[in-house]
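Chains as they are written, first to last, in this note's numbering: chain A, 12 to 268; chain B, 133 to 504; chain C, 315 to 609; chain D, 918 to 1211.
The set of hints was computed from the structure by calculation and includes no laboratory data. All the given hints hold, so there is nothing to weed out.
From the structure, some residues in chain B lie toward chain C, with a derived Cβ separation under 7 Å: (1) Ala211; (2) Val215; (3) Val224; (4) Glu303.
Subject to a maximum C-alpha distance of 27 Å in a straight line, what follows is the list of computed DSSO-like cross-link-like pairs (lysine-lysine): (5) Lys249(B) - Lys565(C); (6) Lys367(C) - Lys265(B); (7) Lys226(B) - Lys565(C); (8) Lys565(C) - Lys160(B); (9) Lys367(C) - Lys310(B); (10) Lys418(B) - Lys972(D); (11) Lys1034(D) - Lys414(B); (12) Lys471(B) - Lys411(B); (13) Lys972(D) - Lys389(B); (14) Lys972(D) - Lys416(B); (15) Lys412(B) - Lys1034(D); (16) Lys490(B) - Lys412(B); (17) Lys1034(D) - Lys418(B); (18) Lys1034(D) - Lys493(B); (19) Lys391(B) - Lys972(D); (20) Lys1034(D) - Lys411(B).
Positions of the beta carbon are idealized from the N, C-alpha and C atoms, including for glycine.
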Amino acid sequence: MSMAAESPIMSVKGLARSFGGIQAVNDCSFDVRPGRITGLIGPNGAGKTTVFNVITGFLGADRGSILLRGREILGLSPHQVERLGVVRTFQHLRLWSKMTVLENVLLGCATPAGENVFSLFLRPGAVRAEEARARERAMEVLEFFGLSGRTHEFAEDLAYPEQKLLSMARIFAADAPVMLLDEPASGLDGESLRRIVPLVRKLVEHGKTVLLIEHNMELISELSDDVVFLHQGRVLAAGAPAEITRDPALTEIYFGV
Amino acid sequence: MRTILSVLFTSILAAGANPAFAQGNPIKIGAILPLTGSGASYGVWMKGGAEMAAEEINAGGGIAGRKLEVIYEDHAADASKAVNAMRRLVEVEKVPFSLTSYSAPTLAVQPIAVQNKVVLMNGGGQSDNLANKEYLYNNIPVVSNEVGVIAEWLAKEKKLTTAVMIVANDEAGRNAAKTFQEKYGAAGGKVLADEQVALDGTDFRAQLAKLKARGGSLLYISSYGRNVAIIADQARELGITIPMAGTSWILVPEVMKSKGAEGILTTRLPFDGDSAFAKKFKDKYKTDAGFFAVQYYNATQIFAKAAAEAMKKSGGALSGEGVKNAIESVRTFDTISGKLVFQANHGAVMDIEVGTLKGGKVEVEKIIKASP
Amino acid sequence: MTAYIAHYLVMVGIYAILALSLNLLIGYSGIFSLAHAAIYGIGAYASALVALKLGLGFWGGMVIAAGVGALASALVAIPSLRVSGDYYVVASFGLQVVVLAVFMNWTDLTNGHAGLPGIPRPNVLGWVIDQPFEYVFLAAAFAVLTYAVCWRLTNSAFGRVLQAIRDDEIAAQAMGKDVVRVKIVIACISSALGAMAGSLYAHYITYINPSSFALHESIFIASLVILGGSERLAGPIVGTFLLLAIPEVLKFLAIPDTVAAPVRQIIYGALLIIFMLVRPEGILGRVRSETEHAK
Amino acid sequence: MDLFLQLAATGLVVGSLYALCALGWGLIYGTTLHFHVAHGAIFTLAAYFAYAGQKLLGLPLAVAVIGAIAAAAACGLLIDLFIYQPLERRGAIRTTLFIASLGLLNVVENLVAIVFKPDPLRMDVGWLSNAVQIGPVFLTWLHLVSVATALAGYLGLMAFLKYSLWGRAIRAVSSSPEMARTVGIDLRRVHLLTYAVGSAISAPAGILVAMDVGADPYRGTTFVLLASVAVIMGGIGSIPGALLGALFLAMLENLGVWKIASEWQSTISFGVFLVFIVVRPRGFFGRKIHSAEI
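Isolated chain A (complex conformation) (with noise of 0.2 Å):
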């Protein structure tokens, strides 16, 4: 069908990750398809987790293939994988607390020119410029995840929520075509939540791939468009979440009755 003939953005094949004895991540493969959110789901300790942190290059893999646009980018640096076009937030959110709103998004903001040691002394002007574009697009990127009215705000001193955005927002500014979100909506109430799931929608909009871990699979049936459930580090179903929220024996491994 249509689905087939869309080429994959990502592919993953065959990865393992093992820790001490424990096999952490085992033969697992699923394709992260463009302009599309896929949900990434499992019980505790299914390896969802793991699967990001070896994607985003922060942990090594045993065996197996990441292919970005058909690039290999298993082995890279986490930085290198950033800069290929995959960025991430983290369950325990990370932000730089004692930074301000604005400042955790600039620095998801390019400004090589203000990084660069020389150029930031021998072309100051270059550098200016630069760094007025990203504050621009920083001011924008708050608006757009309404956090305008926080700029200046410390990070640490946001209410959770707003926290989540943040994280949101600062991988939002990097323009990287692939986000992965790890449990966005994770420890929100109601309101919270009603303000983040049309959010994510907008991001695809925006022309992003989004590859997401959640445990709300009322969230998930809502917003993903294809699901990959995770078991044991393997992929024991991936389709549209109807199909799989449906499946009786999925739903028994989930809910580990």
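Since the structure of chain A is provided, determine the placement of chains B, C and D on it from the hints.
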């Protein structure tokens, strides 16, 4: 009222105890000494000697009626500390003269002395590089004299013609080692190997083991201070049985008391442990006097004489240049260890004794008379 | 007396450069180095040797000093900063030990413990700076230059990245920052500036030997940074003014010479403990963020 | 060959002293992750306690030594109780702890230098300082005691960690503090215990040096930094690693002298260390420390 009276009373007493100082401010001089660190034993002697001299000078009416005041600074064997101390002495205290010690610190402050016309008198450092420096006088012979004597004595009279050398890793140690190698070679000896050690080190076994493996009939120690005691002890412990030798530098209490240093062959510069000076020193500081106590006593006395001479010439004013000219013109000074004549190279010559360290004392075998 | 105050100010200038440059590591990058005295020494020796053996004078010496300082630092930073900060503490200690061994033992080059005398005074456009009060201006000019460089580095996108790395390295990596490269770059810049201070020192004192660049000097420079406040650019300068005054103050108290040096060290050490317990942000305190105000 | 054997034997003796220091420091670092440079102060204090016990109080040697070890252990514990724990309660970062530790080291060393004067003070050990000849190798009885002490310290520590309840608690904290906390281990108490045990293990190193070449106020700094090198080489968190690292370091220093001039001793060790962290950052057997773990 009573306090005022008692203050008055004590000041009268004090004035009575000290001879009245006729005119003006005290004369301040500096003394840059190893008061801390591995050479602190030398510092005790040097400071004590200078202190005793100053007290005697003041008890005798000071220098041309002015009181002498010595300002002590610590260099802890560190030349840059010496430089800082020297700057303070020159810029704040405005001294015309300073005692210095050790080779590296003295060399480091000498350019400042020249720039500010301050006379330096070094009674301790012995590097050959200290000779022929403007504004710097050494009332001690440079080490090559002593090393020459012992090298010749060891090679020709003791028939110890192959040596291994352990060398302190500093100006004095290296300079002496270089000179030893030359003079020993000239006397028919041969240095087979040398190893350097840190002056403030405490474990030299690896180096000594290496030297032991090279054989030789003599272990020459080109080091000083407590370092030597440790080297000697550890050499014996490693089964090094060949004779050991050094120069007068090694004669500090730590070495003389050490088991391993017994029988060490050494030079000695004239020092009488039973002299009146030595007794007085012991009474005052509760520790035995050593050669360097006399050296700094003498250096201070030499300054007093030169300063008196300079002030006589200038009609009362005292400057470093005046002191320098006075030293150059007087040249020969009477000291408690005999006549001292400053040579053309700004150094002194002394009788050099050679002998063996036995039971904490040097048994002198031979005295080589000073020759200019 | 004025000459004496001038001397104090020159030393404040030199140590301010050392403290500012070390603070790029300690304060802005969260990397603790025990080798800053070695870097300072490398600068002093490189500059002195260039002046004495090649006759390139003060300016040539300073440029080469900065280069050699950065290079030495890179040699250690490249292996150790790839792993973790604790490795760098030990590796920098190693650099300190090795550099000092080179100063002491490569006698053909460094003249060993005897040191290098007769280093020429700087010549600025034909004007030889040989009075302490003249040197105050030179030292101050370089301190201001260092301050400007540090300001530019920390109040920029680069400074933002530094701070991000210090606060959360993982997050910085995830945002595409090449953490290792940035750390190595800042280590090299810090060292180049520190070496420059060494050059100033050598041409001021006109004599150098290894003992001025030993481990305790590294710890002393770190104290200047920490007590003044490592989170502000001006912190190290305040620390320098105060801590350099302590030995002078002690001279006015009647403390015997043999005790004065350890007493000084005890004061430095006690200040470090007290500040860590009571006011870890140092005298000047904390600004939680600075780069915000960059334009 | 004789020279090689002599250097190896000297290396073994020096290595034993490094090992005692590294075992204590490594235990503390592996368990608390404190970069405890003030461990050097413990080393120094132990030496001076023993010296003071013997020379000033006139105690018999064995009593002075045991008293000094106990006092050193108490000091280690007090440092954690009164400096590190308050800092940790305030949420101090590791650099803050390190700086406080450095300050403490400075204070203790210089206090000792004022009270006891900076020159080394040697204890009387009687016949222990006599030389022993084993084939071509010359040592003193004291050196043999050093090697035996290191061996006993290592075996004792291993047994303690393996078989005693408290030892197991230390191991649990060392492998994962969070896990240990969830099973109900009191981290603060385990830290105190670790400091006491770690200090007690390293104290004999200071005392043995005081017996051999003399107590010196400033030697602790060198020893603790060498211990940290040994621990990193051996592998952080590994007790056998600390022992091996220390022996390796000492052998390197001493055997290096065989072919290379002795003044480059320290250069050899640190050169190898730098190569080591490039080639094998996790040490002989141990874990690698990242500045941040995900």
